[in-house]
Structures are given as structure tokens and as C-alpha cells.
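Engineer: My request is simple: use the sequences and hints to build the entire structure.
With the working numbering as the guide, the letters of the sequence shown map in order to residues 1 to 144.
Hints in this document: simulated from the structure, not taken from any laboratory.
Using N, Cα and C, we set each Cβ at its ideal position, and we do this for glycine too.
There may be inaccurate statements among the hints.
No more than 20 Å apart at the CA atoms, straight line, and that leaves these computed lysine to any residue pairs for SDA-like [claimed, not checked]: (1) K114 <-> D87; (2) K138 <-> Y52; (3) K141 <-> Y101; (4) K138 <-> Q95; (5) K8 <-> V28; (6) K128 <-> G32; (7) K114 <-> E41; (8) K114 <-> T12; (9) K107 <-> T51; (10) K114 <-> P44; (11) K128 <-> E18.
The following label-pair restraints were derived from C-beta to C-beta distances [claimed, not checked]: (12) E105 <-> N29: 18 to 24 Å; (13) D56 <-> D87: 33 to 39 Å; (14) S117 <-> M76: 20 to 26 Å.
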Amino acid sequence: MIIDSIRKFILTCPFLNESSDGGIRLNVNYLGEDSTVYSIEEIPCDPVLNTYINGDSERQFQFIFCSREPYGSDIMQNLANSDFYEDFANWIEEQNSLGNYPTLEGKCRSEEIKVTSPGYAFQVATDKARYQIELRLKYLKKRK
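Structural biologist: And the structure:
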């Protein structure tokens, strides 16, 4: 599964923080209420970018990487949240330039992973906020 490959890839990011109960929690399509937890969520899109005459196709998988973070009037905390997403985006860019992509199974091969939006606070409450960043994995799917 593509989303599981992306999850394993993101777990290698050195900037992820442990959750309040210890360990790094990276969920799929679920973001809990505790700080600091992460999730990968699929974005609906047309998966096929191009189909070749031999039946192979260039495809995309768009997703959101999000987290629940402490939030409020503490400027330093809010800056730390923004810094995390800037560091994460830079890490993704570096992995892409190194050709280090999620490892896909079967007849699929990753070709590019990139950030398509900066990190931003999406849902804000009194003491916590959901931050997110949008990404795209481009991959080749062989017909045979």
C-alpha cells in the first residue's frame, strides 16, 4: 500500500517528536487530540498523470502530513511549531534531491516526493492546534 510506504518513509524523519505518552505516533487518516501526534491523510485527486503507449502510467498520490501541537499565546511555542514544519519541508526537499523516496511494492516505483504547500495552522483551539502541510508522491506504475 502506498500510504503505508509513505508512513514508513516519514518515520525516518529526524524532526519528529515523541507524543505525550512516549514514542512517535504516526497514524493514518486519524489525528488524535493529544499533543504531539501525527497523521497522514489522503487527498482526493486524479491519480493518473500520464499513460504511455506500453500501458505504463505516471501517477500521483497526494496527501497531508498533519499534527496536533500545543498552541496559545506563547510566541516561542508557536514559533517552534512553525520551525518544525519548515524543517520538515526542507527534509522532504533534501530526500527528493538525494533520490531517497518511499519504497513502493509491486510494479510501482517512486520518482518524486515534494511539498505542495507550506505548513500552516489549520484548526485552532485555546491550547492546541492542528498544523498541516500538503505533499505529493509521483510514481511510475508498470503495466507488466
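Engineer: Next step is simple, just say for each hint if it's right about the structure.
Structural biologist: Now the hints, each set against the structure:
no., hint, verdict
1, K114 <-> D87, "14 Å, holds"
2, K138 <-> Y52, "15 Å, holds"
3, K141 <-> Y101, "15 Å, holds"
4, K138 <-> Q95, "14 Å, holds"
5, K8 <-> V28, "11 Å, holds"
6, K128 <-> G32, "11 Å, holds"
7, K114 <-> E41, "15 Å, holds"
8, K114 <-> T12, "16 Å, holds"
9, K107 <-> T51, "15 Å, holds"
10, K114 <-> P44, "17 Å, holds"
11, K128 <-> E18, "16 Å, holds"
12, E105 <-> N29: 18 to 24 Å, "19 Å, holds"
13, D56 <-> D87: 33 to 39 Å, "35 Å, holds"
14, S117 <-> M76: 20 to 26 Å, "24 Å, holds"
The structure agrees with every numbered hint stated previously.
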